[in-house]
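Go by the hints and put chain B onto chain A.
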Amino acid sequence: AQSVAQPEDQVNVAEGNPLTVKCTYSVSGNPYLFWYVQYPNRGLQFLLKYITGDNLVKGSYGFEAEFNKSQTSFHLKKPSALVSDSALYFCALGYSSASKIIFGSGTRLSIRP
Amino acid sequence: SAVISQKPSRDICQRGTSLTIQCQVDSQVTMMFWYRQQPGQSLTLIATANQGSEATYESGFVIDKFPISRPNLTFSTLTVSNMSPEDSSIYLCSVETGGSPYEQYFGPGTRLTVT
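Quick mapping for you: the protein sequence lines, in order, are chains A and B.
Letter by letter, the first sequence follows residues 343 to 455 of our numbering.
Letter by letter, the second sequence follows residues 495 to 609 of our numbering.
Isolated chain A, as found in the complex (with noise of 0.2 Å):
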């Protein structure tokens, strides 16, 4: 069955610093995997795809997104991180023939000035 983990609720990361939020997924076939970040009382905004091609996906803000197919893993990084970059960030993964995604858990991370 399809599965899409985050497995960290919180990251805490200074300002200025690399940032990762992971991610990890399970599907049969080939992974349609996203990345949206939701900032306070706002929807949903689309980061980054990745469908098939380049295994470095580079997205909105700044971030960017690795595919690893031995780990299964879609994590999402940014070189430098931004105290605006606080937020609410959900991978999420296309899994069935009706165009449906399901999303992970969620990972708020929180950038100290």
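Think of the hints as simulated: they come from the structure by calculation, not from any bench.
Each residue gets a CB set at the ideal place from its N, CA and C atoms; glycine is no exception.
Hints may be right or wrong, so weigh each one.
Unchecked claim - Just the calculated beta-carbon pair ranges, DEER-fashion:
1) Ser438/A to Gln545/B: 31 to 41 Å
2) Asp396/A to Phe569/B: 34 to 44 Å
3) Gly404/A to Ile557/B: 35 to 45 Å
4) Thr538/B to Ser439/A: 12 to 22 Å
5) Gln344/A to Gln518/B: 44 to 54 Å
6) Glu350/A to Gln532/B: 27 to 37 Å
7) Gly395/A to Asp505/B: 15 to 25 Å
Quick look at chain B alone, frame taken from chain A:
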């Protein structure tokens, strides 16, 4: 991408009443989705709404509780019926624009509190 609006943005409702949430998209889309995000939780798909057909509900959600309309390719409504405090959540609509498989864009959400 698509620009999606929802009304109302938030509401406080009494137990036993119903609330209809509207979702408007700035372009024609085939597939629209309704999600629920309970406090501190992830998103759970309620149903898929395609224009011209009945909505398809996920396990644990039924039409009597969450009736959905999809009268055209830019609009949908979700009604939360006979509300209880357990229905307090953020309700989000999303659309698949056809750019890539499974790529969805979300509205700002409706924050519902049931007292």
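Evaluation of the provided hints:
no., hint, verdict
1, Ser438/A to Gln545/B: 31 to 41 Å, "violated, 20 Å"
2, Asp396/A to Phe569/B: 34 to 44 Å, "holds, 37 Å"
3, Gly404/A to Ile557/B: 35 to 45 Å, "holds, 43 Å"
4, Thr538/B to Ser439/A: 12 to 22 Å, "holds, 20 Å"
5, Gln344/A to Gln518/B: 44 to 54 Å, "violated, 31 Å"
6, Glu350/A to Gln532/B: 27 to 37 Å, "violated, 20 Å"
7, Gly395/A to Asp505/B: 15 to 25 Å, "violated, 43 Å"
Checked against the numbered hints given earlier, this structure breaks hints 1, 5, 6, 7; the rest are met.
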